[in-house]
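**Q** Chain A is fixed; fit chain B onto it per the hints.
Protein chains: 2
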Amino acid sequence: MASLIEPRVLKGFRDSLPAAEIKRRGLAGRVETVFQSFGFVPIDTPALEYAEILLGKGGGETEKQVYRFNDNGGRDVALRFDLTVPFARFVAEHRAELPFPFKRYHIAKVWRGENTQRGRYREFTQCDFDCIGSGNAAADFEILLMMKEALAAAGTPAFTIRLNHRGLFNRFLQRIDSAGKSAEILRAVDKLPKIGRDQVLNLLSAALDEKRAELIVKYVETTGNWDETLNAMTEAAGGDNPDSARLRTLRGFMLDTGIAGAFVIDPAITRGLDYYTGIVFETLLDGMPSIGSVCSGGRYDNLCGLYSKEPLGGVGSSIGLDRLLAAIESGEKAGRETYAELAVICLREEQGGVYQSIAQKFRVSGIPAEVFVEAKKQGTQFAEAERKGIRWALIPPEAGADTGLVTLRDLQTRKNSAPLTVSAAIAFLKQNEKGTRASD
Amino acid sequence: MASLIEPRVLKGFRDSLPAAEIKRRGLAGRVETVFQSFGFVPIDTPALEYAEILLGKGGGETEKQVYRFNDNGGRDVALRFDLTVPFARFVAEHRAELPFPFKRYHIAKVWRGENTQRGRYREFTQCDFDCIGSGNAAADFEILLMMKEALAAAGTPAFTIRLNHRGLFNRFLQRIDSAGKSAEILRAVDKLPKIGRDQVLNLLSAALDEKRAELIVKYVETTGNWDETLNAMTEAAGGDNPDSARLRTLRGFMLDTGIAGAFVIDPAITRGLDYYTGIVFETLLDGMPSIGSVCSGGRYDNLCGLYSKEPLGGVGSSIGLDRLLAAIESGEKAGRETYAELAVICLREEQGGVYQSIAQKFRVSGIPAEVFVEAKKQGTQFAEAERKGIRWALIPPEAGADTGLVTLRDLQTRKNSAPLTVSAAIAFLKQNEKGTRASD
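Protein chains in written order, with my numbering: chain A, 931 to 1370; chain B, 931 to 1370.
Errors might be hidden in some of the hints.
A pair counts as met if it fits within one copy or between any two copies, since identical chains are not told apart.
Straight line, CA to CA, 30 Å or less: simulated DSBU-like cross-link-like pairs of lysine-lysine [said to hold, decoys possible]:
#1 K1121 - K1039
#2 K941 - K1039
#3 K941 - K1306
#4 K941 - K994
#5 K1039 - K953
#6 K1239 - K1318
#7 K953 - K1291
#8 K941 - K1239
#9 K1239 - K1306
#10 K1307 - K1239
These are computed hints drawn from the structure, not numbers from a lab.
Next up, chain A with everything else stripped away, as it sits in the complex (with noise of 0.2 Å):
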């Protein structure tokens, strides 16, 4: 006999039991709910691309992370890292054939090899939903109001959506002359939760000067209520401009539709990433900051850049799947192991059909049935079902009774019903289940 090889998943990667995989098909489904009830459309694209695409001709930081290797037909290929270098590749190829502004979805892993010390995954989801063609602050507002209903019909804990505005900040730094140190400043400025204050002047002074790094570290340290932030950071910025204006508008928008509440307007937020140029947003969870951002996005004027000459900007955001359930996860009590409400136990083999056709009406009426398929004793199917957070059993006729009554048992109090006809048990069921609800 061969030896046997240890079964064990890569450094990284993870499977998803039944409870986990149970809640985080809910939570995905929530929010995919919201998306299509904001008439955003679903796409899907390849997990494997070529890696000039992805990586574009470059390479850096993203493509150590990056799992990239020769196929079979000697093609440089690579699995996708994020679901935005794919969705640009998509518009500019599908470009003729899409209705513009295009609002799209897109809910799929994703892979990063990335250092796994800080409880990273290799392997892990993302949300991503994006309005491009339009430069309004119509789709601004829009993309923002999804991430507050998208979020909240997860059932987030507590969470502030920080909003600023990447225009704006390059006004400022064009007002003391740092423009072209941008993407350093940027990037530092990002560190601003991690490495702290000091460490960032540190970064700054080394850029730049030191009085230019008091004065960046004094903008994004701007505090107070919404107006006055916006106003204190315009007065930097050199006065009023279509920037400040942008976010006045969407501030107007909020308060319109009553969720003015859940935005504060942070000038601290600057997203490393080169390729936003208007708003920018992360989404903290007000009790686990730790925890980093939830739901994250912001404003481009080139997603295409790479494949066409032709401009095409947008916004979009991303939800990080796997770190918003995790979120959820610490403040809950393990979920269900199951889908089934109701089992039916297995008194004789033989009579799998008949058991079937009773368990068929019970899914047919939208109650999920498990048909336990051994005969073992009836208390230790009870305990099974009870295990698996199965709430009622259904005892079948004896085999050769001509009545064809059954019996629930609820597993909870553990208290049999009387004799029941199938229908009787069913409508007994839903009204039960309408019960609870009403008292939820």
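**A** Only chain B this time, still in chain A's reference frame:
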């Protein structure tokens, strides 16, 4: 400026555009609802695994098709090429945490670097469902019933599930002293629909002799109704035996549940794969046999043999979602391009907050509503909504209007409603939707 990169996908891969993706997600959702209604639970496993886990010590046919490479840490890894091997690894690894019999489903992408000439793709979705840890006929039957229910729920055109028993075939081979060549014989018989009777005879004659080749072809060509066929097969296998009895029990269960019409017994079904030991089955579309099997599987008695010394048997099936989608598409008109049922027309861009407030009322009432974000001409916006397949347009109040009344436009009849409150508009659409459903 850097030169442009041509936006394209790898050969054998493809994007899913909104209309196709809406159809795909709808199909997967309907299949999944059936799985859940049987109390099957979802799991997920990594796309990437140790190559040794996926390929065993061997290699051979499979290896040539697999995306295999060394990751940045020098590990020998591969993309999963099916969901069965990762499931075997999963069960071996988590055996102590799982309830047995364990009934799971897994809907996920798999990758194979296959020859793409025959319209095959290198990335496709499988929907697997298995029950492991029980050898009972009830477990076999549940999988067969689920196949039938899931395919029906998916809207599959007329289909027949062809059932056989690998053990019965082995008994017959033993009886004609050919059991030693069973792997070659299975592979040859499996090719019958593709290469035809004569070629199979040639293959078998080469492996055995002409007389036994004739006997085997005669066996797999046995026809008649269920009882006649099973009786002939049983006789050829040397008389009554437990495998024939299993098929008889399953037939009884089918009659009990009223689903016998969807199944035939077919001695030519062998499923080339070595690991099947009990029932095996394939599903062909009555009107499109050339599309191949859309749902296949069988019983195996040692799922985890590579990783564990304790044998664990089960029975399972796999729906090829892409193949099924192709079958359903070929009989259908183009589907919807969006989930939105209502388009909120943009009259003035600065009213974006008001428009979203109106749309939110529809969304929370279960009517997906897309807000148009650019104040193009009304006629243009109507045309855009119509092109997306949205039936209703909402013309919002003029800015500054006190009444807050809106107008609904039916984009099919091109008629406008009288001015309505938003609540009245919601009630009207709800009523209309009910009417539409009732008249379907």
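**Q** Each hint: holds or not?
**A** Against the structure, the hints come out as follows:
no. : hint          : verdict
1   : K1121 - K1039 : within (26 Å within a copy, 36 Å between copies)
2   : K941 - K1039  : both (17 Å within a copy, 21 Å between copies)
3   : K941 - K1306  : neither (40 Å within a copy, 52 Å between copies)
4   : K941 - K994   : both (17 Å within a copy, 25 Å between copies)
5   : K1039 - K953  : both (17 Å within a copy, 20 Å between copies)
6   : K1239 - K1318 : between (57 Å within a copy, 27 Å between copies)
7   : K953 - K1291  : both (27 Å within a copy, 28 Å between copies)
8   : K941 - K1239  : between (41 Å within a copy, 25 Å between copies)
9   : K1239 - K1306 : between (69 Å within a copy, 25 Å between copies)
10  : K1307 - K1239 : between (72 Å within a copy, 28 Å between copies)
Taken one by one, the earlier hints fail for this structure only at number 3.
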